[in-house]
Amino acid sequence: MFGDKLVIALEGARLAIDTSYVAGIVEVDGMPFLPGRTGFVSGVISLRNEPVTVIDLKMAFSAWPAPTSGTHRVIVVRDKSALLGLDAGEASISFFWAEELKACPFRKGSGYIKGEFDTDDGPLSLLDWKTLFEETARILHLEGTRV
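Here the sequence shown is numbered in the working numbering, starting from 108 and rising by one per residue.
Calculated directly from the structure, the hints in this document are not laboratory data. Please read all numbers here as calculations on a predicted model, not as lab measurements. Careful, some of the hints might be misleading.
Unchecked claim - Simulated restraints on C-beta separations:
| hint | residue 1 | residue 2 | range |
| --- | --- | --- | --- |
| 1 | I246 | G137 | 20 to 26 Å |
| 2 | E157 | T238 | 20 to 26 Å |
| 3 | G222 | R155 | 29 to 35 Å |
| 4 | R214 | S169 | 19 to 25 Å |
| 5 | T145 | A120 | 22 to 28 Å |
| 6 | S201 | S169 | 19 to 25 Å |
| 7 | G119 | P212 | 18 to 24 Å |
| 8 | I200 | G137 | 14 to 20 Å |
| 9 | R155 | A210 | 32 to 38 Å |
| 10 | P142 | R214 | 37 to 43 Å |
As the list claims (entries may be wrong) - Lysine-lysine pairs mimicking DSS-like chemistry, simulated, CA-CA at most 27 Å apart:
| hint | residue 1 | residue 2 |
| --- | --- | --- |
| 11 | K215 | K237 |
| 12 | K221 | K209 |
| 13 | K221 | K187 |
| 14 | K221 | K165 |
| 15 | K221 | K237 |
| 16 | K237 | K165 |
Positions of the beta carbon are idealized from the N, C-alpha and C atoms, including for glycine.
Construct the complete structure from the given sequences, taking the supplied hints into account.
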């Protein structure tokens, strides 16, 4: 929980992901059209010749999708059993180091947020990307069984 974090500045919120889960950052010009798009699943990209399902972070946390044109920064996260692309659109990306977090109060979150650190720059929300992955798998499974 207190390791180095990759930070995504998204619509006034700062979302953090443990850097140990970040497999790469891919920039794409426009997100490819995905027929039958449902929920916040927005497309598929390739990272080192491996297909990666991409979700729209803005849509996961609000009601409107990111524009399909323009540059999209997709943060690819993985562990042994999951691989997911997080489309941050044109959001800025930075880092927050473990040493800085140790002094910050932490409170437990819910939903797609594991918790929140109180930093000098305001709240830093720790993204629960595995819960997002599970919801993405559920959406894709339901989409595949629709008649």
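Structure-based check of each hint:
no.	hint	verdict
1	I246 / G137: 20 to 26 Å	22 Å, holds
2	E157 / T238: 20 to 26 Å	22 Å, holds
3	G222 / R155: 29 to 35 Å	31 Å, holds
4	R214 / S169: 19 to 25 Å	22 Å, holds
5	T145 / A120: 22 to 28 Å	24 Å, holds
6	S201 / S169: 19 to 25 Å	21 Å, holds
7	G119 / P212: 18 to 24 Å	21 Å, holds
8	I200 / G137: 14 to 20 Å	19 Å, holds
9	R155 / A210: 32 to 38 Å	37 Å, holds
10	P142 / R214: 37 to 43 Å	41 Å, holds
11	K215 / K237	16 Å, holds
12	K221 / K209	17 Å, holds
13	K221 / K187	20 Å, holds
14	K221 / K165	17 Å, holds
15	K221 / K237	10 Å, holds
16	K237 / K165	17 Å, holds
Checked against the numbered hints above, the structure violates none of them.
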